[in-house]
Amino acid sequence: MPIIHQARSAAVVIDEERCIAEKGCRVCVDVCPLDILAIHEDRQKAYMKYDECWYCMPCEVDCPTNAVKVNIPYLLR
Amino acid sequence: MSANALKSEIIETDVLVIGGGTGGPMAAIKAKEADPTLRVVLLEKANVKRSGAISMGMDGLNNAVVPGYATPEQYVKEITVANDGIVHQKALMAYAQGSYPMIQYLDRIGVKFEKDGSGEYNMRKVHHMGTYVLPMPEGHNVKKVLYRQLRRLQVGVINRYMATRLLRGPDGRIAGAIGVNTRTSEFLVVRAKAVVLACGAAGRLGLPASGYLFGTYENAANCGDGYAMAYHAGAELANLECYQINPLIKDYNGPSCAYVTGPFGGYTANNRGERFIECDYWSGQMMLEFWRELQSGNGPVFLKLDHLREETISEIETILHTNERPSRGRFHERRGNNYRHRPVEMHISEIGFCSGHSASGVWVDEHARTTIPGLYAAGDMASVPHNYMLGAFVNGGIAGADAAAFCAEVDLAGYDSADLAAGRERVLAPTRREDGLTPHEIEFKTRRLVNDYLEPPKVTAKMQIGQRRFAEIREDLDHLVARDPHELHRALELQSILDCADMAAAASLYRTESRWGFYHLRADYPDRDDANWSCHTMLFKDERGRMAHRKRVVDPYIVPVAAAEMSAYHQLRIRTPAAAE
Numbered sequence: 000m001p002i003i004h005q006a007r008s009a010a011v012v013i014d015e016e017r018c019i020a021e022k023g024c025r026v027c028v029d030v031c032p033l034d035i036l037a038i039h040e041d042r043q044k045a046y047m048k049y050d051e052c053w054y055c056m057p058c059e060v061d062c063p064t065n066a067v068k069v070n071i072p073y074l075l076r
Numbered sequence: 000m001s002a003n004a005l006k007s008e009i010i011e012t013d014v015l016v017i018g019g020g021t022g023g024p025m026a027a028i029k030a031k032e033a034d035p036t037l038r039v040v041l042l043e044k045a046n047v048k049r050s051g052a053i054s055m056g057m058d059g060l061n062n063a064v065v066p067g068y069a070t071p072e073q074y075v076k077e078i079t080v081a082n083d084g085i086v087h088q089k090a091l092m093a094y095a096q097g098s099y100p101m102i103q104y105l106d107r108i109g110v111k112f113e114k115d116g117s118g119e120y121n122m123r124k125v126h127h128m129g130t131y132v133l134p135m136p137e138g139h140n141v142k143k144v145l146y147r148q149l150r151r152l153q154v155g156v157i158n159r160y161m162a163t164r165l166l167r168g169p170d171g172r173i174a175g176a177i178g179v180n181t182r183t184s185e186f187l188v189v190r191a192k193a194v195v196l197a198c199g200a201a202g203r204l205g206l207p208a209s210g211y212l213f214g215t216y217e218n219a220a221n222c223g224d225g226y227a228m229a230y231h232a233g234a235e236l237a238n239l240e241c242y243q244i245n246p247l248i249k250d251y252n253g254p255s256c257a258y259v260t261g262p263f264g265g266y267t268a269n270n271r272g273e274r275f276i277e278c279d280y281w282s283g284q285m286m287l288e289f290w291r292e293l294q295s296g297n298g299p300v301f302l303k304l305d306h307l308r309e310e311t312i313s314e315i316e317t318i319l320h321t322n323e324r325p326s327r328g329r330f331h332e333r334r335g336n337n338y339r340h341r342p343v344e345m346h347i348s349e350i351g352f353c354s355g356h357s358a359s360g361v362w363v364d365e366h367a368r369t370t371i372p373g374l375y376a377a378g379d380m381a382s383v384p385h386n387y388m389l390g391a392f393v394n395g396g397i398a399g400a401d402a403a404a405f406c407a408e409v410d411l412a413g414y415d416s417a418d419l420a421a422g423r424e425r426v427l428a429p430t431r432r433e434d435g436l437t438p439h440e441i442e443f444k445t446r447r448l449v450n451d452y453l454e455p456p457k458v459t460a461k462m463q464i465g466q467r468r469f470a471e472i473r474e475d476l477d478h479l480v481a482r483d484p485h486e487l488h489r490a491l492e493l494q495s496i497l498d499c500a501d502m503a504a505a506a507s508l509y510r511t512e513s514r515w516g517f518y519h520l521r522a523d524y525p526d527r528d529d530a531n532w533s534c535h536t537m538l539f540k541d542e543r544g545r546m547a548h549r550k551r552v553v554d555p556y557i558v559p560v561a562a563a564e565m566s567a568y569h570q571l572r573i574r575t576p577a578a579a580e
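Protein chains in written order, with numbering that gives the first Met the number 0: chain V, 0 to 76; chain Z, 0 to 580.
Think of the hints as simulated: they come from the structure by calculation, not from any bench.
Where a beta carbon is used, it is the ideal one built from N, C-alpha and C, also for glycine.
The reader is advised that the hints may include incorrect statements.
[Unchecked claim] What follows is a set of in silico ranges between Cβ atoms, one per label pair, in the way DEER data are often shown: (1) V:R17 to Z:P35: 41 to 49 Å; (2) Z:R150 to V:Y73: 34 to 42 Å; (3) V:H4 to Z:D554: 51 to 59 Å; (4) V:H4 to Z:M565: 54 to 62 Å; (5) V:R17 to Z:R150: 40 to 48 Å; (6) Z:D115 to V:S8: 41 to 49 Å; (7) V:S8 to Z:G413: 45 to 53 Å; (8) Z:P35 to V:M0: 51 to 59 Å.
[To be verified] Each computed EDC-like pair below joins lysine to aspartate or glutamate, with the alpha-carbon atoms no more than 16 Å apart: (9) V:K68 to V:E40; (10) Z:K143 to V:E40; (11) Z:K143 to V:D29; (12) V:K48 to Z:D483; (13) V:K48 to Z:E486; (14) V:K22 to V:E40; (15) V:K68 to Z:E332.
Hey, can you work out the whole structure from these sequences and the hints?
See the structure below:
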């Protein structure tokens, strides 16, 4: 069967003003146990790439610039 | 992704530990401490800094055996009673005796426990019989402390590699494991003299009531890889029908947490605000009463704190919202929940395997040895019941030390290159397809069927339908597509989940009685049958590759339990006084 793409809302939100991924920071990407964060190739900022969040919060707590906010995924709210 | 271009590296070590959460790091630490000359490799599919069940720390020890409050004998007796007698007491005793030395060790390396003014541990009573809870209001740094110790002892840490299959030598003993990088799909073969499995619970088995695949009670990375690897390698797994099912904050699906709130005066209540269970310690019997209350006109069930003083509630909030699952506070805020004004609605979790809370695990003895020479298991995935975080540390330590001693006796075992080729082919099959079914949708369907057919109350005919549907899904794996390494990682996890679903059904069907309260409540075998089932049930892969079972006699108790004491956990419902005439 062919594969389709569907839109999802991202529970993990990155403040791009604060994110310093362009300087090489990878902390949030490194600590995520589910490996759902990535660095956007064009923007050079972190973002939530996969809707697979356990809302555990290391990404937020360990971010050196307080750029990450973990929201509870909509289905649970 | 060109499969043939993928790199495949082979490395050698003495001890390989798979899983860098709680028990795994301690196994690596204790192996190194036993023999600093050993090469110890810790393989983790996430990053050891923040992986596993305690990625954000822990708010307390649930099973601390501290002199002056409890003896190892008392603890062994309590857990024997809470498990309806089906325990390997020697393993419980090994844990109980290692409990206090491990608390002191953790304290020494920097983990903070609550102490009173004179520096004594501040123990609290939550269990039905004894006192075993030690709060950790500042327990958020456990992973940092472990990581520091791993670095200090020069344990080789390999992050973002998921172990997929174990390798065995011609004589049957362990030879190593095959791993796949979760970001590049590169292969890694680790040859080892001893392997410790510490892969956590099978927590992504049932589907949470929210329908969100990753909204599980357990860290969703803990999807049963260890159970699946042990099964395929030929190890025996014990009492899998004794599911993990927990009372949780509804929808948030995390602990509420009665162990923290209980000692402060909080309790589980029905819709009238009344207590209905005598003890909030998680046991199958407690879950049965919880489930009955949910089904009744007195449901749903709540965590009640609104009768407490402001200072007490603030203290509880500080603990619950900074430790273990800190997003609890964020969930409550958005819902408008406030412990001061209104009790918080609770519900029961999806099913899973987890010896940390119940008794479903890969069989281990008092040395953390599985039934395969050189293969160890510890933590939530090993069969020591109710072992929690401290059990993962103690039993992980036992496994590491014993593995170190085992290494002194053996050389690296050879392995069959055909096993490696088959393992590689299985992993890569989903990458060779362009169209088909995605890991997410097959996972969703498998887990939805787990809820439909395997949840208690268990019914024979329903579980058999479940088995047929899982067999259909197994055929669907021929259409599984992974378009990048991340999807391949999920595709591999899905196969662990499906293996666990099959094991849950088969194990539940084998034990034709009801036991452990709600965990193994069979509607068509409602009674406990001690004459036939006062034994462990062992599940394993037989020579022809079929799922097989056998009974294992419970070893003679080393701590006797009187018949009158054995039923203590069967009287958890609060008795309603008879109305006055």
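Unsatisfied constraints (hint numbers, rising): 5, 9, 10
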